[in-house]
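Chemist: In case you want the letters, here they are:
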Amino acid sequence: TQLLEQSPQFLSIQEGENLTVYCNSSSVFSSLQWYRQEPGEGPVLLVTVVTGGEVKKLKRLTFQFGDARKDSSLHITAAQTGDTGLYLCAGATAAGNKLTFGGGTRVLVKP
Amino acid sequence: NAGVTQTPKFQVLKTGQSMTLQCAQDMNHEYMSWYRQDPGMGLRLIHYSVGAGITDQGEVPNGYNVSRSTTEDFPLRLLSAAPSQTSVYFCASSYDRKNTEAFFGQGTRLTVV
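For the protein sequence lines, the chains are Y and V, in the order given.
FYI, the numbering for the first sequence is 20 to 130, going by the numbering used here.
FYI, the numbering for the second sequence is 4 to 116, going by the numbering used here.
You can take every hint at face value.
List of simulated lysine-lysine pairs, DSSO-like, C-alpha gap at most 27 Å:
1. V:Lys101 <-> Y:Lys89
2. V:Lys101 <-> Y:Lys76
3. Y:Lys78 <-> Y:Lys89
4. Y:Lys75 <-> V:Lys101
5. Y:Lys76 <-> Y:Lys129
6. Y:Lys89 <-> Y:Lys75
7. Y:Lys78 <-> Y:Lys129
8. Y:Lys75 <-> Y:Lys129
9. Y:Lys76 <-> Y:Lys89
Since the hints were made in silico from the structure, they are not lab data.
Working from the sequences, and respecting the hints, build out all of it.
Modeler: See below:
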């Protein structure tokens with residue numbers, strides 16, 4: 020069974036601060052995805068990274084895929100209250116037939 | 004754009020009852036899957052399908068059945084509900100094995116008493 024561990028489980032920061040969420044595994048993934056989920060809704064895809072060492076930026080969000088394709092990080096610069104939510108990473112196998120999700124990081128950005 | 008539609012949104016069952024959670028997608032995606040989400044445990048895969056007529060078990064399949072008679076629909080059946088099945092259930096679809104980005108429904112919150 021492939022496992023993805025996210026840390027921290029919960030993060031509370033003030034608006035304007037930076038934060039980083041980590042997603043780690045002992046397994047290699049062909050791609051890794053980050054989702055954000057708001058209360059009462061399903062997860063929504065933020066980004067997919069596929070190449071070891073890849074860095075993708077989405078406005079104030081920066082995503083990095085580890086060189087060995089076993090880990091990833093999500094960095095938010097100058098967090099806003101609208102960034103509050105549950106962030107989930109998910110790894111896809113080479114077979115591409117299913118995703119393995121991490122346990123999630125709950126982010127609270129206080130005004 | 005409907006995307007992935009799940010019904011119902013909320014359901015309360017008594018222990019031992021059976022029910023079907025409905026899921027439909029209108030994006031002509033090959034892949035569909037069912038997850039359950041419990042506090043602090045992320046999303047766990049119950050069953051998935053790589054195309055019409057093909058289903059397979061995920062991480063936590065016990066107590067659930069699925070079928071995929073059409074590309075659009077992927078219902079999840081609870082055969083005899085148990086309190087341990089109290090959870091939020093999400094259906095998701097993906098284009099194919101190369102493009103695995105998942106589109107999720109809004110979820111069904113199920114309580115078994």
